[in-house]
Every structure is written in structure tokens, then in C-alpha cells.
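**Student:** So you can see what is in the structure, the chains are spelled out below.
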Amino acid sequence: MRQILIQLLISGISAGCIYGIISLGYTLIYNSTKLVNFAQGPLVMAGAMLAHLFLYRMKLPGFVGLILDIAVLSGIGLILKFGIYDFLKRRNAKEFHLVITILACGIVIEQVFALTVGKQQYSVPALFGNGSSISFPALGINVYPENIILVVTTLILIIGFYIFLNKTRLGLCIQAIGYNPQAATLSGLKTSLLVTITFCLSYAVSAVGGLMIAPIMGATSSMGASLGIKGFAATILGGMGNPFAGFAGGLILGLIETFAAYYISSTYSPIIAYAILLLMLIIKPSGIWAEKGGKMI
Amino acid sequence: MNKQIKSSNIIPSSAVCVLVAIGLIVFGSISKDIYIRQVLSMIGINYMLAAGLNLLFGHTGQISIGQAGFYALGAYTASCLETKLNVPFYIAWPSAVIVTALIAFLLGSRILKLHGHYLAMATIAFGLIVESLTTNWIQVFNGHAGVYVRSKTLIGAFLTKNLFALIVIFAALAFIISNNIEYSRIGRAIKSVRENEDAAMSIGIVHSKYKVIMFILGAAFSAVAGVMYAHLNGIITPEVFNNATSQTILIIVVVGGMGSNIGVLLGAIVITALPEFLYGFADYNILVYGVLVVVMQLFFPKGLAGMLQSLVRIIKKNIKKDELPKTSEGV
Numbered sequence: 001m002r003q004i005l006i007q008l009l010i011s012g013i014s015a016g017c018i019y020g021i022i023s024l025g026y027t028l029i030y031n032s033t034k035l036v037n038f039a040q041g042p043l044v045m046a047g048a049m050l051a052h053l054f055l056y057r058m059k060l061p062g063f064v065g066l067i068l069d070i071a072v073l074s075g076i077g078l079i080l081k082f083g084i085y086d087f088l089k090r091r092n093a094k095e096f097h098l099v100i101t102i103l104a105c106g107i108v109i110e111q112v113f114a115l116t117v118g119k120q121q122y123s124v125p126a127l128f129g130n131g132s133s134i135s136f137p138a139l140g141i142n143v144y145p146e147n148i149i150l151v152v153t154t155l156i157l158i159i160g161f162y163i164f165l166n167k168t169r170l171g172l173c174i175q176a177i178g179y180n181p182q183a184a185t186l187s188g189l190k191t192s193l194l195v196t197i198t199f200c201l202s203y204a205v206s207a208v209g210g211l212m213i214a215p216i217m218g219a220t221s222s223m224g225a226s227l228g229i230k231g232f233a234a235t236i237l238g239g240m241g242n243p244f245a246g247f248a249g250g251l252i253l254g255l256i257e258t259f260a261a262y263y264i265s266s267t268y269s270p271i272i273a274y275a276i277l278l279l280m281l282i283i284k285p286s287g288i289w290a291e292k293g294g295k296m297i
Numbered sequence: 001m002n003k004q005i006k007s008s009n010i011i012p013s014s015a016v017c018v019l020v021a022i023g024l025i026v027f028g029s030i031s032k033d034i035y036i037r038q039v040l041s042m043i044g045i046n047y048m049l050a051a052g053l054n055l056l057f058g059h060t061g062q063i064s065i066g067q068a069g070f071y072a073l074g075a076y077t078a079s080c081l082e083t084k085l086n087v088p089f090y091i092a093w094p095s096a097v098i099v100t101a102l103i104a105f106l107l108g109s110r111i112l113k114l115h116g117h118y119l120a121m122a123t124i125a126f127g128l129i130v131e132s133l134t135t136n137w138i139q140v141f142n143g144h145a146g147v148y149v150r151s152k153t154l155i156g157a158f159l160t161k162n163l164f165a166l167i168v169i170f171a172a173l174a175f176i177i178s179n180n181i182e183y184s185r186i187g188r189a190i191k192s193v194r195e196n197e198d199a200a201m202s203i204g205i206v207h208s209k210y211k212v213i214m215f216i217l218g219a220a221f222s223a224v225a226g227v228m229y230a231h232l233n234g235i236i237t238p239e240v241f242n243n244a245t246s247q248t249i250l251i252i253v254v255v256g257g258m259g260s261n262i263g264v265l266l267g268a269i270v271i272t273a274l275p276e277f278l279y280g281f282a283d284y285n286i287l288v289y290g291v292l293v294v295v296m297q298l299f300f301p302k303g304l305a306g307m308l309q310s311l312v313r314i315i316k317k318n319i320k321k322d323e324l325p326k327t328s329e330g331v
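Taken in order, these protein sequences are the chains called A and B. Residue numbers for the first sequence follow my numbering, beginning at 1 and rising by one. Residue numbers for the second sequence follow my numbering, beginning at 1 and rising by one.
For the record, the hints were derived by calculation from the structure and aren't laboratory data. There may be inaccurate statements among the hints.
What the hints assert, rightly or not - Chain B is nowhere near these chain A residues, computed Cβ spacing over 12 Å in every case:
| # | residue |
| --- | --- |
| 1 | I10 |
| 2 | V64 |
| 3 | I84 |
| 4 | V99 |
| 5 | I100 |
| 6 | Q111 |
| 7 | L115 |
| 8 | S123 |
| 9 | K167 |
| 10 | T196 |
| 11 | S222 |
| 12 | K230 |
| 13 | F232 |
To be verified - The list that follows gives simulated cross-link-like pairs (lysine-lysine, DSS-like), each with its CA atoms no further than 27 Å apart:
| # | chain 1 | residue 1 | chain 2 | residue 2 |
| --- | --- | --- | --- | --- |
| 14 | A | K89 | B | K209 |
| 15 | A | K284 | B | K209 |
| 16 | A | K167 | B | K191 |
| 17 | A | K89 | B | K191 |
| 18 | A | K284 | B | K302 |
| 19 | A | K94 | B | K209 |
| 20 | A | K34 | B | K32 |
Stated by the list, open to error - Just so you have them, the derived chain B footprint on chain A, three or more residues with Cβ under 8 Å:
| # | segment |
| --- | --- |
| 21 | 41-50 |
| 22 | 205-217 |
Note that the Cβ used here is the ideal one computed from N, Cα and C, for glycine as well.
Isolated chain A, as found in the complex (with noise of 0.2 Å):
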């Protein structure tokens, strides 16, 4: 029973921080342009895909498939940025058309991959071990590698952007142009390089959750569209703009989607995340840790 319980609880976990990561993606973006990244979930599946490519395929060593990996989301994020964004923000459009054209182009990567590198679901080696699980005999439970690899890169990565947001100087120029673009421009922040890295950062942490992810779920072209509404449910979860809130609403979703499948039912565990997603919407669309100062949505 015990076992049991630890087990659940290192899944959930796991898929807390699956979440969690994904979330934080989110978050940047958010914190710099006060926009929803719709295609966050098809650069994720982008990123395990790139994984598939470049560890298994190609068997290039686990740190330059990861470079590779952070290199070409970056620069699909600088496409988007100066291509689409840059583009529409000039014409002034308005929030829907920003959020159809970065729909269709999450769209266009996913189907990309699908007729690239195909349609089935890939495995991905796991960056350290080999594939072996690790066993604890004193708790009587089994640990693969990559879940360990996960957690800690994400807690590394949310702990990092906390101090980079917070604490330094680039971070809060972000945020300020978030807060108030035109002040910040006045003030004298050069508000196109500062979204432009943050779009960087964005889709580096997809590269990294993507390539993170792989080695636990596989990589298919068609993961996207629900890990991005998962991420984006724990993004809401916990609450926009703070990356420990997102990280937190991800652990609580991985947690009770992973009991409730144990427990209640496993066929009905996808709706769980998405039923919560649409009742934090209505109750409160802040999110738990709602963020300081941010508009009433």
C-alpha cells in the first residue's frame, strides 16, 4: 500500500513537473508581451521530436543534441518574432488575430513534423543511464533515470528564472515592458530586443522540457494540443506570471490526475485537467497565487 502510494506520488510528481515546465514557457512569454503562447504545445512536441532526431537517429552525444535542440527552437522563435509578431503588432491588429495567426502557425509546426519526421510515436534515450530503472530496497520502489533528470532540471530551471526575473536587471526590464510597453520605452528600454530574447528563453525552456519529456511519454507529432492545454491549465492553476505559481499549479494538477487515474478511474483522467482548467476560468481566472498588480482578466 505504502509502495503504492510513493510510487503515485513519484508520477505525479513527474508529471507535475511536466506541467510545470511547460507553464513556465508560458509564463516568460506572458511576462513580456501579456500573450498566450498558443503554440507552446506544438514547440514542445517540436522539441521531443528534435530529441528523437537528434539522440536516436543520429546517436549524437545527450549535450550537444541538446544545444541542437535549443538552437532551432531559437530560431523558430526568432521567426515568429520577427516575422508574425513584429508584423501584426506594426499593423496594430488585434488580440484575436495574434492569437489565430500563432494558432495556425502551431499548426504548421506540428503538421511539419508529422510529414518530416512521420507519425508514429518515437522512443528518445534518456540523457544519463541506460534505461534501466534505479531501485530504492529501503522504500521498495523503482526510479527511472529521466524522471530524476526531469525534476531536477526543472526545479534548476524554475528556481533560475525566478532570480533572472526578479533579480536582475534584464529580468525586470522584461516585466516592465510587460506591466507598461510604452513607459518602458520611454524610459529608454529597447523593448523590441527585450521580447525578442524573451521569445528566446520561451522556446529554449520548450526545447529543454520537450527534450525532458521524450524519454518518459515518447515523442509524437500529435502530443501538442494536450500538453498544451495542460500547461496552460496549470499555468492558470497556479497563476500567470510567477513561475514557482505555475510550477505549483503543475504539481497539483500531476497529482491529482495521477490519483484520480488510480483511484477513480483511469479513462476519465484527461478530463480532470481540462474540467479544472474551465472551473479556475470561472471561479477565479487569476489563478491561486494571483499575480501582483496584474489587470482583473
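We have chain A already, so just place chain B on it with the hints.
**Tutor:** Just chain B, lined up with the frame of chain A:
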């Protein structure tokens, strides 16, 4: 002045619509070509879905990426009632629309206070919940095996045979209703809500009321489309009503032209007929849709309708050039 000219267009365009509908019905009853009738039926169904979303999104400015949820509710309610409970069609079809509208009312009155991204996400969540339910609640919805649709009453069977005419009639009704709404008091109210909610509120337009009404109407249109689809196809499976369908409905509205009835009709024709021309490249369908939307959004934000309008304007300008040297034209 502009508005008066436009509002005098309602009756002619409705008359044209009725004539086209009659022509199509006659064509459908004469023609033996099942393929063309099938494509035309799908255009009609997609038009109904898109017209519903256009009322909500194009005219009122409230995004929804969960229309497939209502589409599914309409289709599943009607076919479960008819097939599993032997309810005659004249009760089953209206109750499908009423159930969908009721759910839309309950949902819409809660989520329409959200804006932009949040509303989009809430509607996506709704669509996904319906999709998961229809997939996983096997006792009621049969999961991936699908629900067979049988109309058992006498007139029901007759209607199922002449479904093409019925779809044309409903699509024409959708067109006329959208047209009438656009140029009515409600139409002007929802347009003001789209342009500026606070300003609309200040002149006494309660925006939450109009948003919910349009949400319900959009859902009801989708439910009718769902009922029609279920009877056209004979079997319904959850894959038809998934998230990609919601996106396709949105794509039809965006490609056709937000807030333009004729534009949405054009969009429905293009998006539905496109796969028929890309037959050998079935895999590339969705990619083409995606690229189309990005290009349209970047260069023609008003969609096909906007392209048509500017074309008409250029032609008119060229004709009038000799008579009226007009320099300042309002954009």
C-alpha cells in the same frame, strides 16, 4: 448613409439566397451524382457551423475554439435519442438543438466574462471535455465504435432520403438569419460590443447579454449542423468532433472574412472543396490550411470577403474615374 444603403441590401440578398437554394434543391433531385451532392452537403454543414461562429466571433468579437463541442452535442443528442430510445425525429431534432442551446447558455453566461486568450482557452477546454466524454463514456456514446443513426418514423425515412434538400434549406436559413441579424438593432449592438465594450456599455448596451445570446445562437447553428451531419453520414464517431474540427471552423471564418456572411460562405466553399482538389496529397491538407491562415492574417486580415471588396472598389474606381474625380475616400 452607408448603413442605409447596406440595410436595403437585406431583401435582395435574401431573395438571391432563396433562389440559389431552390436551384440547388432542384439540381439535387435531378442529378444522380452522389459525389457532388456529398461535397455540397458538407459545404452546407460547414457553412452552418461557420455562420454560427461568425455571429459570435466575426460580429461580437468573442473567440471560440470549441464549436466542435456543440457540433458533437447536437449530433450525439439527436442520434442517441433516435437510435437508442426510438424517439421520433420531430422530437429528437428540436430537443438536440434545445439541449445544446441550454448547455451553451449555462457555459456562456459563466465564461463570456473572460477576454481574448482566456476565452479561447476556456472554449478549447470545453471542446476537449466533450471530445473526451464522447470517446470514453462508452456506455452512452459507444466510444470509437460510434453511434449508428436511424430515423425509424415514416417521415423520418423520407427526410433522410432527401437530406440534401434539408441541408440546403437549413444553410439558406442560416444565411438569412445571419443577414437579418447583421443589419438589425441587435447587429448594431453586437458590432459596438466588438469595437469597444466600455463605450457600448456607456450608451446602454449590456454587452454580457448580447454576448450570451450570440453564444447560444452559434451553438444552436452548430447543433443543427450536427444533426444534419449525423443523418448524412449514418454513423458518428468522436474523431469527427475533435479539436481539429473546432480549428477548421475557426479557419473557415478567418479565411472567409470575419463579420461577413458572404465571406464565410466563400470560406466554407474553399475550405471544404480544397481537400477534393488536393486528393493525392491528403496528408498536406492541414498544413495548407495552417499556411493559408498565416498568410491571410498577415496580408489580408479581412479574408476572402475583404479581397472581393477591394476588387470591387478598384473596378468601381476605374469606372467612375472619368465622371467623379474623388480624392479623399474613407477607408
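**Student:** Between A:K94 and B:K209, does the CA-CA distance stay at or below 27 Å?
**Tutor:** 23 Å, holds
**Student:** Minimum Cβ separation between A:L115 and chain B greater than 12 Å?
**Tutor:** 6 Å, violated
**Student:** Does the alpha-carbon distance linking A:K284 and B:K209 stay inside the 27 Å limit?
**Tutor:** Answer holds: A:K284 to B:K209 is near 21 Å, not above 27 Å.
**Student:** Test the statement that A:S123 is away from the interface with chain B: the closest C-beta pair must be farther apart than 12 Å.
**Tutor:** 23 Å, holds
**Student:** With the threshold set at 27 Å, check whether the alpha-carbon distance from A:K284 to B:K302 stays at or below it.
**Tutor:** 35 Å, violated
**Student:** Closest CB-CB distance from A:I100 to chain B, is it above 12 Å?
**Tutor:** The claim is violated: A:I100 sits with its nearest Cβ about 6 Å from chain B, within 12 Å.
**Student:** Does B:K191 sit within 27 Å of A:K89, going by the straight-line distance between their CA atoms?
**Tutor:** With a Cα-Cα distance of about 23 Å, the restraint between A:K89 and B:K191 holds, given a limit of 27 Å.
**Student:** Minimum C-beta separation from A:I84 to chain B exceeding 12 Å: can you confirm that?
**Tutor:** 7 Å, violated
**Student:** At 12 Å, judged by beta carbons, does A:T196 keep clear of chain B as stated?
**Tutor:** Consistent with the label, A:T196 stays out of reach of chain B, its closest Cβ about 19 Å off (over 12 Å).
**Student:** For the pair supplied as a hint, A:K89 and B:K209, is the alpha-carbon distance within the 27 Å limit?
**Tutor:** Given pair A:K89, B:K209 is violated - Cα atoms ~31 Å apart, limit 27 Å.
**Student:** Hey, does A:V64 actually stay past 12 Å from chain B on C-beta?
**Tutor:** 30 Å, holds
**Student:** Find the nearest Cβ of chain B to the Cβ of A:S222 and say whether that gap is larger than 12 Å.
**Tutor:** 10 Å, violated
In summary, the structure is inconsistent with hints 3, 4, 5, 6, 7, 11, 12, 13, 14, 16, 18, 20, 21 and 22 from the numbered list given earlier, while agreeing with the others.
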